[in-house]
Each structure stands twice: as C-alpha cells, then as structure tokens.
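Mind docking chain Y on chain L? Use the hints.
Chains as they are written, first to last, in the working numbering: chain L, 6 to 283; chain Y, 3 to 283.
Because the hints were derived from the structure by calculation, they are not lab data.
Note that the coordinates shown come from a computational prediction; the quantities given were computed from them, not determined experimentally.
Positions of the beta carbon are idealized from the N, C-alpha and C atoms, including for glycine.
Hints may be right or wrong, so weigh each one.
Unchecked claim - Derived BS3-like pairs (lysine-lysine); straight-line CA-CA distance at most 30 Å:
| id | chain 1 | residue 1 | chain 2 | residue 2 |
| --- | --- | --- | --- | --- |
| 1 | L | K17 | Y | K181 |
| 2 | Y | K9 | L | K107 |
| 3 | L | K270 | Y | K74 |
| 4 | Y | K63 | L | K17 |
| 5 | L | K107 | Y | K8 |
| 6 | L | K135 | Y | K99 |
| 7 | L | K109 | Y | K9 |
| 8 | Y | K216 | L | K274 |
| 9 | L | K17 | L | K270 |
| 10 | Y | K74 | Y | K63 |
| 11 | L | K169 | Y | K9 |
| 12 | L | K109 | L | K169 |
| 13 | L | K9 | Y | K181 |
| 14 | L | K169 | Y | K8 |
| 15 | Y | K8 | L | K109 |
| 16 | L | K107 | L | K169 |
| 17 | L | K17 | Y | K192 |
| 18 | Y | K181 | Y | K99 |
| 19 | Y | K192 | L | K9 |
| 20 | L | K17 | L | K274 |
| 21 | Y | K74 | Y | K216 |
| 22 | Y | K192 | L | K274 |
| 23 | L | K274 | Y | K8 |
| 24 | L | K135 | L | K71 |
| 25 | L | K76 | L | K135 |
| 26 | Y | K216 | L | K135 |
| 27 | L | K9 | Y | K74 |
| 28 | Y | K63 | L | K270 |
| 29 | L | K17 | L | K169 |
To be verified - Cβ-Cβ distance ranges computed for the label pairs, FRET-style:
| id | chain 1 | residue 1 | chain 2 | residue 2 | range |
| --- | --- | --- | --- | --- | --- |
| 30 | Y | K8 | L | I193 | 20 to 28 Å |
| 31 | L | K109 | Y | V269 | 19 to 27 Å |
| 32 | Y | V52 | L | F264 | 56 to 64 Å |
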Amino acid sequence: MTTKQNLQHIAKFILLVILAALVLAPILIVLMNSFKGRFFISDTPFAFPNGQTFSGVKNFISGVEKTGFIKAFGYSLFITVFSVAAIVLFTSMTAWAITRVKSKISSAIYFTFVFSMIIPFQMVMFTMSKMANILHLDNPVGIIVLYLGFGAGLSVFIFSGFIKTIPREIEEAAMIDGCNPIQIFFMIVFPILQPIVVTVTILNAMWIWNDYLLPYLVIGNNYKTIPIAVQYLQGGYGSRDMGAMMAMLVLAVIPIIIFYFTSQKSIIKGVTAGAVKG
Amino acid sequence: MQKMSKKYFAFFTLPTIIAFLIAFLIPFILGIYLSFTEFRTVTNSHWVGVINYVRAFTEDKNFINALVFTVKFAVVSVVLINVGAFILALLLTSNVKGTNFFRTVFFMPNLIGGIVLGYIWQLIINGILINFGVDLTFSATYGFWGLVVLMNWQQAGYMMIIFIAAIQAIPTEMIEAAKIDGANAWQTIKSITIPMVMPAITICTFLTVTNSFKLFDQNLALTAGAPARESAMLALDIYTTFYGRVGSEGIGQAKAVVFSLFVALIVLLQLRLTRTKEVES
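Only chain L is shown next, with the shape it has when bound in the complex (with noise of 0.2 Å):
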C-alpha cells in the first residue's frame, strides 16, 4: 500500500470516528441530562452535571411514578409479543394459501393487501377506533386483531415474495401421501419459511413497539403503552417535568439497544431482505 492510499485510509477512518461520535450524542447527552435536577436541564443541556445539578436517581423515581412505566413496559411487552405472532402465524398462511391457488379471487385479496400498504393511517384513524370501541377490541388483546388486519399488507407481500421461489414438488408429493394441507403447511411449507419469518418479526416488532397513535387513540386513556406513556409526560408546553421525561427517555431506549445488540446480526439482515423484497 504507497503512503497516499494510507493517508486516505486514515482520512476515512477519521471521518468516520467523527460521524460514529455524532450518531451517538444525542443519546448520550439525553442519558447525562437524566441525571440533572430538573430545572438544570432545558437552559444548559450540554453541560455536565455538577455539584449542584446533580440528582442521582430521583428523575428515575419520579418519571417512573408519573407514567406508570413498569405497567406501560408491560402492556408495550405484551402486545408487540403476541400481536407480532399472530401476524407471523396467520399472514403466511394467508400468502400460503393465495400463492398456491391461483384463482380471481386469490389475486383481488393480494391486491387489496398491497393497497392497504399504501395507504396512510389517517385515512382509517377515526373510523378504526370507532370500529374497535364498538366491537370491544379497544383493549390489550383485542388491539392484537387490529395490528394483525392492519399490518397483513406489508407481511403478506413479503411472504408471497418468498412463497413464489419455492418449488411445489415438495408439496406435491406430500399431497400424494396423503397430508391435508393443514399439515403440509405446519410440517413442510412454515420450516422452509424460516428466514423470512425472522425479516417479517423484525419489521413488525420495530413498528407495534414504537407505534404511537393506534395504541392511543384506541386504548390509550386506560393503558398506556410506552410511546403513550413517553408523550403524557409532555403535557401543556413548559409545565412539564424535564428530569421525568430525560429519565423517560432513556427508560425507553434501553430495551431498544439491549434487544438491538443481543440480535443485531439477525435485525440487519432482515431489514435489508425486506426492503428488497419490498
């Protein structure tokens, strides 16, 4: 390697450290406020704490306290892990079944799925919620039914996607033995799936887990998930309790980085598969 092509090793490395360091600030600034009192916070928030500005864990405490956190960690929990099954269960039976029998009927719901896809939440907000308030869905387990029927767009296509790249022999000669195929898709159709069952968690999970406005509009004044908890804290501009909402916000964060750096290799792939899939 001649000296120039070192030098402009260097150069990149550099400009790399330096965006790396910039990427992470925010967090970092955000998790060094956490420990400030609440009135130090707004007016120097690049300013480490002190002496004087330091609170130890009261912002925790007291953030905790406000928003009801652990339960809002619960729910959050709870309705990513089972909403996200039962995408993952029933949308690639769904994509199974459409793929294999060619028929109009397959094609209008295909289409009609990936419609969906382009349309915004808005169009449906008011009228979803009001569809949940009367069918009683406007709880924990019945806001699964909505993540499921307003998330079959995205995880049918890319389920179809994969479905048409793999060959029917197999299955065929399962049929001639004699498997229904309820058993040939349990058995043979859902191993093979694999890959993209991790692609299609992964995208779901990031988006039940964040998502803020369905979870509020329809369950939001008696459970708050996290993204609702995080948002009561706001309040009327300027009355709001800054050390609550620096300690809120790492609270949040620190499920994100744990899960990101325990599957990350997995969470990259699958990612990248479904936006070219996509």
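Here is chain Y on its own, set in the frame of chain L:
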C-alpha cells in the same frame, strides 16, 4: 395445491381477512363515505356532498401550508438522506478498519421510535437555539430543519445498509477493469457504482418518500406544529383537524382522502420514474 378445497382455503385465509376487514377495509370505505357527510360519530351522519373538501382548502390555510411544508420536507430529506447514506456506504465498503462497529452505530437510531426521537432532538435543538435567545416554537423554519436533521439521523443508517448490500454485489472484476482502464475514483463511482446500484436507489427513494409523507410521531413530539400550526405536516394537520375541534371531523376525513390520493399518486409516479431509469442503465 391448486385443488385445495374451499374449506381449507377459508381456514388459511379467513383469520387474516376478518382482521383486515375490521382494521382496514371497512374503516377505509366508511372513511370515504364519511368524507361526504357531517358527522360526530360513525352512526350519526348526514350527506353534505363535497362541502368538506371545499372547506378543507378554503376555511383556513392550514391544509395548504401543511401540503407545502410536507412537499418541501420530502424533497430536502429524500435527497439528503440518500446522498448521506450512499456516502456512508461507500466509506464502509472501502476496507476501512472497524466496518462492523460503524455499521452497528449508524443503524441504531433507526430502531428508536418517533416519539422518543422527537423529544431527544427537541432537547438538543432547543439547547443550541437557546444561545440565540429562541427555541423551536419561534419559527416553522427551525421545526423544518430540526425535522430534516432528525430524519437524517434516524434513516441514513437504514438506507446505508441497503446501499452496502448493493455495492457488495457489484462484481469486483468490473471495478478492477475500470482501474486498469485508468478511471479515477469519481469516474468509477459515476459510471459503475451508481448504475449498478440503481435498484437500491429505487428502494431507498421509495422508502424515504413514503416515510417523509407519512411522518407523524416525530412531528408531533418535536414541534407539535408550533408556532400555531405552521410546522405541522399533512398527517399532523389531519390529526389536529379531527381531534382539535368538535364538528370538523368531516373536514378531517376529507383531508385524509386527499392525503391518501396524494400519497398513492406520488408512490406510483416515483416507482414508474425510477423503474424506467433502471431499465435504461
């Protein structure tokens, strides 16, 4: 499987279809109907024709403002995010040390939800603006650039991952042949890398365009439309119209229909535009 009986077909498709009818299709059709009515609740509405659509545009300037703000925002952020992500991808595919670490760091903000992101950046941006005696609520311009910075921070890493995958798929012989022919770095990027990653550019533009148009959470958390409703994008303006004042639900629904048509149109147009470029290259 072509011969799957109706019973089995129903078993496989009905759970999703019923949920889809409840969560999307019926609310969607009802929403179109309600945009032509005056209503407080879904069951109590009367037909008023296109008045809601006229009022959406003429009653105040909020909707037009939001439309202009959203289009400007989409243009600026789509260009910046994609250029930034592409440069990051080039840097990370040039054998620099610590590639995996940098990739991990750049991608991370993408996993954090819009509400949390909005408040994180509100602290940072207000912390800078306070030195000039202002804050985010003083002018929609601050909100605009705040949202641009926030969206770049959140999405550049995601698009970077897609670009990296595309760049790594370029056959090395092509790059080497270009080097032997005496092409410099810029010529190689222009004549080989960019044409070869065109499908990735399509995907990334598609994703950033739709993300920009549908943006809501970040907008709500960062500025909530302040000052007045000047920094509200379309989704937030519709939300405020619906829930801000009793009696304007019909207008809100009409705005939502226009918004949906607009997004669908942009998506179709954009897909057609970039797809033709792909074929040419």
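To see whether the hints hold, each was checked on the structure:
1. L/K17 <-> Y/K181: Holds, at about 20 Å.
2. Y/K9 <-> L/K107: holds (16 Å)
3. L/K270 <-> Y/K74: violated (35 Å)
4. Y/K63 <-> L/K17: Not OK: Y/K63 and L/K17 at ~47 Å, beyond 30 Å, violated.
5. L/K107 <-> Y/K8: Measuring from Cα to Cα gives roughly 13 Å; hence the hint holds.
6. L/K135 <-> Y/K99: Violated. L/K135 to Y/K99 sits at ~54 Å, over the 30 Å cutoff.
7. L/K109 <-> Y/K9: holds (17 Å)
8. Y/K216 <-> L/K274: holds (25 Å)
9. L/K17 <-> L/K270: holds (24 Å)
10. Y/K74 <-> Y/K63: Roughly 16 Å separates the two Cα atoms, so the pair holds.
11. L/K169 <-> Y/K9: holds (23 Å)
12. L/K109 <-> L/K169: holds (17 Å)
13. L/K9 <-> Y/K181: holds (16 Å)
14. L/K169 <-> Y/K8: Since the Cα atoms of L/K169 and Y/K8 sit roughly 21 Å apart, the hinted pair holds (cutoff 30 Å).
15. Y/K8 <-> L/K109: The given pair, whose Cα atoms are some 14 Å apart, holds under the 30 Å limit.
16. L/K107 <-> L/K169: holds (12 Å)
17. L/K17 <-> Y/K192: Cα-Cα ~20 Å, so holds.
18. Y/K181 <-> Y/K99: Cα-Cα ~23 Å, so holds.
19. Y/K192 <-> L/K9: holds (22 Å)
20. L/K17 <-> L/K274: Holds, at roughly 25 Å.
21. Y/K74 <-> Y/K216: Measuring from Cα to Cα gives roughly 14 Å; hence the hint holds.
22. Y/K192 <-> L/K274: holds (27 Å)
23. L/K274 <-> Y/K8: violated (37 Å)
24. L/K135 <-> L/K71: holds (29 Å)
25. L/K76 <-> L/K135: holds (25 Å)
26. Y/K216 <-> L/K135: holds (22 Å)
27. L/K9 <-> Y/K74: Judged against 30 Å, a Cα distance of about 41 Å means the pair is violated.
28. Y/K63 <-> L/K270: violated (47 Å)
29. L/K17 <-> L/K169: violated (42 Å)
30. Y/K8 <-> L/I193: 20 to 28 Å: holds (22 Å)
31. L/K109 <-> Y/V269: 19 to 27 Å: holds (25 Å)
32. Y/V52 <-> L/F264: 56 to 64 Å: violated (48 Å)
Taken one by one, the earlier hints fail for this structure at numbers 3, 4, 6, 23, 27, 28, 29, 32, listed in ascending order.
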